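Residue numbers (the numbering used here), protein chains in the order written: chain A, 1 to 227; chain B, 1 to 81.
If you are wondering where the hints come from, they were derived from the structure by calculation, not from laboratory data. Owing to the predicted nature of the structure, the values given are computational and were not obtained by experimental measurement. The reader is advised that the hints may include incorrect statements.
Covered stretches of chain B, as calculated for chain A (at least 3 residues, CB under 8 Å) [said to hold, decoys possible]:
{"#": "1", "segment": "26-36"}
{"#": "2", "segment": "65-72"}
Chain A stretches covered by chain B per the calculated footprint, using a threshold of three residues with CB under 8 Å from any CB of chain B [stated by the list, open to error]:
{"#": "3", "segment": "35-45"}
{"#": "4", "segment": "100-111"}
Using N, Cα and C, we set each Cβ at its ideal position, and we do this for glycine too.
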Amino acid sequence: MKFAVLVFPGSNCDIDMYHAIKDELGEEVEYVWHTETSLEGFDGALVPGGFSYGDYLRCGAMANQSNIMTALKEFAAQGKPVLGVCNGFQILTEAGLLPGALLRNKNLKFMCRTVQLKVENNNTLFTNEYEANEVINIPIAHGEGNYYCDEETLAKLKANNQIAFTYSNDNPNGSLADIAGIVNEQGNVLGMMPHPERAANEIVGGADGLKLFKSIVKQWGEQHVNK
Amino acid sequence: MKKVKIYVTLKESILDPQGSAVQGSLKKIGYEEVADLRIGKYLELTIGETTRDIDTIVKEMCEKVLTNTVIENYRYEVEEA
């Protein structure tokens, strides 16, 4: 399986993402600069964290204007897996690929620590390697990770099982319904504030994030290899 | 040439922790009468010669890029520059 790691000016988790895929997962991966216009040849797209365009205006708002985003929207519409982490999640909401928006953390602080997440839905292409309701440890690092959407959208997210992860025992940013990560209606786009790519090897304190990438590869394999 | 002044504020229903923190600070130094404080953004832009309708352009820009209508409201004023 071949992954693209999108790189914007200011992305800073792109190397972590590349490392997780290449060295920990053992799959193919390439960086794709934001001025590119195509994602042809890739099977999955990863939008990493960081401070794209300096986080000016709103986190992700300017990144959404990049050339590569048109290709990413087509890629997502084709049902291919798209994962956005942290600023990547913010970019996906600004692009309309995921509902809602990210606000400043409730306590106004930048938070950087490992948190416990509960796998709310293990029936997505990103979470099939986890147990239902499994509690996992994944690091966060953000100042604006407070997920918000209106009541109608929240009801839809719940009804369609689009909430993939919630904060388990402590909600670090004040997000609505303790949401840490959501998928789109089709289930092929996941956005989350915590960083699974930073939890891909026990040597860095845990490998709970690696299962997320393994889930993507497993599902892709079932669809493409065993036919 | 037109000068456009755009004011972006968080929707009323959205908690503004930044505004609350500043309000707390004002209270601390004796301004107990401040009942509410919200922090927004101010954008100023100049639009050159165009045959397009200014209101249409400004609204388009606000909806597409300058504001996030999920969480923010905006209003604007157009002046001769």
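Task: Cβ contact check, 8 Å cutoff: the segment 26-36 of chain B against chain A, three residues minimum - done: This one is violated; 0 residues, fewer than the three required, reach chain A with a Cβ under 8 Å.
TODO: With a C-beta cutoff of 8 Å, work out whether three or more residues of the segment 35-45 of chain A approach chain B closely enough for the coverage to hold.
DONE: Three-residue rule not met by the segment 35-45 of chain A, so violated; n is 0.
TODO: Verify the coverage statement for the segment 100-111 of chain A against chain B, using a C-beta to C-beta distance below 8 Å and requiring 3 or more qualifying residues.
DONE: Satisfied; 8 residues make the cut.
TODO: Take the segment 65-72 of chain B, compare each residue's beta carbon with every beta carbon of chain A, and decide whether three or more fall closer than 8 Å.
DONE: holds (count 5)
In summary, the numbered hints that this structure violates are 1 and 3.
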